[in-house]
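Residue numbers (the working numbering), protein chains in the order written: chain F, 204 to 832; chain X, 40 to 426.
Derived from the structure by calculation, the hints contain no laboratory data. For every residue, glycine included, the Cβ atom is placed at its ideal position computed from N, Cα and C. Just so you know, nobody snuck in bad clues.
Listed next, with one range per pair, are the computed distances between beta-carbon atoms:
#1 X/207 / F/427: 35 to 45 Å
#2 X/291 / F/305: 52 to 62 Å
#3 X/92 / F/260: 34 to 44 Å
#4 X/248 / F/396: 52 to 62 Å
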Amino acid sequence: MIINRDNDRIHLFHRRAALLGGGQALLVSALVGRMYYLQVTEADRYRMLAEENRINLRLLPPTRGRVLDRFGEALAVNRQKFRVLIVSEKTRDVASTLDALAAVIDLSEYDRGRVQKEVRRRRSFVPVTVRENLNWEEMASIQVNAPDLPGVIVDEGLTRHYPQAQTAAHVLGYVSSVDEDDLTGDPLLQLPGFRIGKAGVEQKFDLALRGAGGTSQVEVNALGRVIRELERKEGQAGADLMLTLDERLQRFASERLGAESAASVVMDIHTGEVLVMTSTPSYDPNAFNRGLTQREWNALSGDPRAPMTNKAISGQYSPGSTFKMIVAMTALEQGAISPDQTVYCKGHTDLGSRRFHCWEKRGHGPMNMVQAIAQSCDVYFYDVAKRVGVDRIADMARRFGLGETTAVGLAGERGGLIPTEAWKRETVGESWQQGDTYNVGIGQGYVLTTPLQLAVMAARLSTGLAVEPVLTRQVMIDGTVIQRPPQVFEAVTIDPAHIAIVRRGMFEVLNGARGTARASKLKSKDVQMSGKTGTTQVKRITMAQREAGLPDSDQVPWKERNHALFVAYAPEDNPRYALSVIVEHGGGSSAVAAPIARDIMTEVLRLDPSRKPRLNEDRVAETQPGVPA
Amino acid sequence: MTDVGFLADRLKRGDMTLSEKLRQVSWSLVFWLCAIATIGFFMLYSAANASLDPWTTRQAIRFGLGLFMLLTIAMIDIRLVMRYAYPFYAFVFALLIFVEVRGVVGGGAQRWIDLGIVNLQPSELMKVAVVLALARYFHRLSLEDTGRPTFLIVPLLIVIVPVMLILRQPDLGTSLMVVLGAGALFFMAGVRLWKFIALILAALAAIPITWPMLAGYQQNRILTFLNPERDPLGAGYHILQSKIALGSGGLFGKGFMQGTQSHLNFLPERQTDFIFTMLAEEFGMVGGLILIGLYAIVLIYGFAIALRCRHQFGRLVAIGVTTTFFLYVFINVAMVMGLIPVVGVPLPLISYGGTAIITIMMCMGLLMSVYVHRDVQLGVHGGYDDG
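Pulled out of the complex, with its shape left as it was, chain F reads as follows (with noise of 0.2 Å):
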């Protein structure tokens, strides 16, 4: 009974242990039929998965190319900076240490409690910021006493630096910290602390100066703790930029103008180098890198003398007398008036009801062409762009390059404004007056220039050629240097006879007898230079306050003041530089600009950047890009 009722179970046994057995051989080759579904199938797709674990790629910035005057002298290079840093599992006690770094270094109580904040927010191996911006004292007092400090390190970087601080500064511009609206796509943009160029230069050539980011590959674990660095791949430090800037002659001409509110330009006139381009009051670059606060930021952008605008480009302003070599040499060309034919001045002239007048009250009597350009006769120049029409005066002056932006293609160059009879129709909607033709032909009303439009058209007067302006010599990537090819320019279309008659009336203007700007010829004997004084009107002068008598300019509000215009190039008889000067508000053109004209192209004409290398020209070579110089 026992032995029978044990075979059968002896015999289910059997059975169910085979399916029991089968049942599990079955699991088992689902696990291999899942490994290899991993392992074979998707082995690919998990590989890539793990190599995008383990590695990570780190962008190294590439250093910021130079920018150097001329001669090789610094505007913007990088400076080493020091900042320390805390890594709190290399410390035993976060605070004690913060307590001996105190003892070394100014550290501020936010400083402290950010620090204690931030540590216990991150993990214990990533370094945090304890302080930026040491002081190379600080940054040595802090390596003397590393033994008293564990987990201390200090850490080195470069930071822009303008080592001539506000001399150059508008034509530099500034670099400043990435916005959103900068996002190119360049990943080196999204590191935290890069800079890029925001104005100026820096924001004109901003990608060659750049440079290229280089890769680092390392390994990380799950923490981002870095195990090892798989591979790196320099980048290309950015270009070092060489400008045509001469750093003597735009620090002498931005302490000429001193407080004023004005601008100048000096330019060589046979290859378009812009030596000076200078606008004042400045601002200090650096501030911008380090970040304004907002009570700097109000300052500057507060002040009725607009420090920002590089009035050099972005000031437009009635070029006023300067714009009468464009009057007449038009009345010449359309044969209007002969050099010799004369207008006489009796202080003003009518037209309908309306009188223009003349600066000179008494009137000048009988004006012939130089003598008009040289005295600046107001009537004389009504009664001739009353004879070729405003459209012809603005043909003439576009020749000039007038009314368009020049090739320097800075951000922020306005094109100033030569008006036409069409331009007022569909602009301004009414009828082209004859009175506007008067008030084009003394270079007020509706027309408008900037400083560095005026240095061309004096540069093109003094050449009969169409000269443009640049900036930039020659650019360095690596230690090759690729220059500027020379720029021919072809000559503007008029009559050499015209300019030479225009020319001398500028000659009388310094050197003649009543020259306007008679009082500020060049002091040497051999050389001189020919210009144009202009005093533009800022305020309306009514009927009443002519007959009161004009008063003193210094007795009027400053905003109410006329702008003092001057123009010019020298030598007289071998011309080489071309110069612009406009002071905002500074009252009359031959007592304010003119002075500071003659003062500035005294200086040019004394380095004479153009022919005379500098001494130490070949400190280009010796300094090495990016280290300061």
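Got chain F sorted already, so can you dock chain X onto it with the hints?
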């Protein structure tokens, strides 16, 4: 191994001397177990980044002690094992109640008893205790009795009561193993297949009742398993990293101690639950297949021992412990490959940890005892033929 005095009076009544029993031991099975454990030592050495500390040395000592325990249990007369099956079950059950009460009273979740070199979890011992108790119960039951539902009430209680306690801890993995191991015994004892199907249906119907009993993290694990994208940075992260490690190992692996996922800490718990992943990352599918092959050899031994045993108790014990061993392997490997939810079940003889080694070596010891005493006549109550 010479000091077996406490066995002396049993052996006098038995058929074999101690040396005869030792000769009966399947040394080849012992060899395969040692082979698996040795693979484990190498993996723990790699997991510790080429260091014997802190895992390899301690694991080796535990395995040595476990081996001693295996052989000791193998020497115990199977009749004695059967006679003490219920008392052992009662003892383990008492321990389970004890840690449960202490956990409630102490407010902590300490579900183990510190034995110095290992921490003993009563729930682990329960896996063995349930197998023994059920084997004893079914040993005396005829096939006809097995077919009667009334005879199934006691064995069901033997399983369900401790499982409820373990679920409360909460330990889903162990509960699952106890239930599945017991299920195998019911099946082998001859319970009709339709009753299993009915039970499974009943269990499905019970899901709405048991679901609230699961801890939050357990619910999460099941939900995450059903939809891995649900939580890519939390629970899903572990299984994703495990799959990346496995898959990136490819056919031949990245080389010993070259596993990037393991050594850069992307892989969680690489010395315990996820050690199979590390092995498959470093030695590829080939390495994984070799280990699974070794486990299969052990399982085949288990089935062979069960089939060769001449008494029902031994057969059921052998199948019970073999299935428990299988469940360890299957649940762990299936879990790290993302086939089933994340449950904390170690890989036998490989994963670091003391409790599992005790359970597994106890299982293997019982298996060996069945083998050594395969021809012993066994009565209904554990005597020669006292039934």
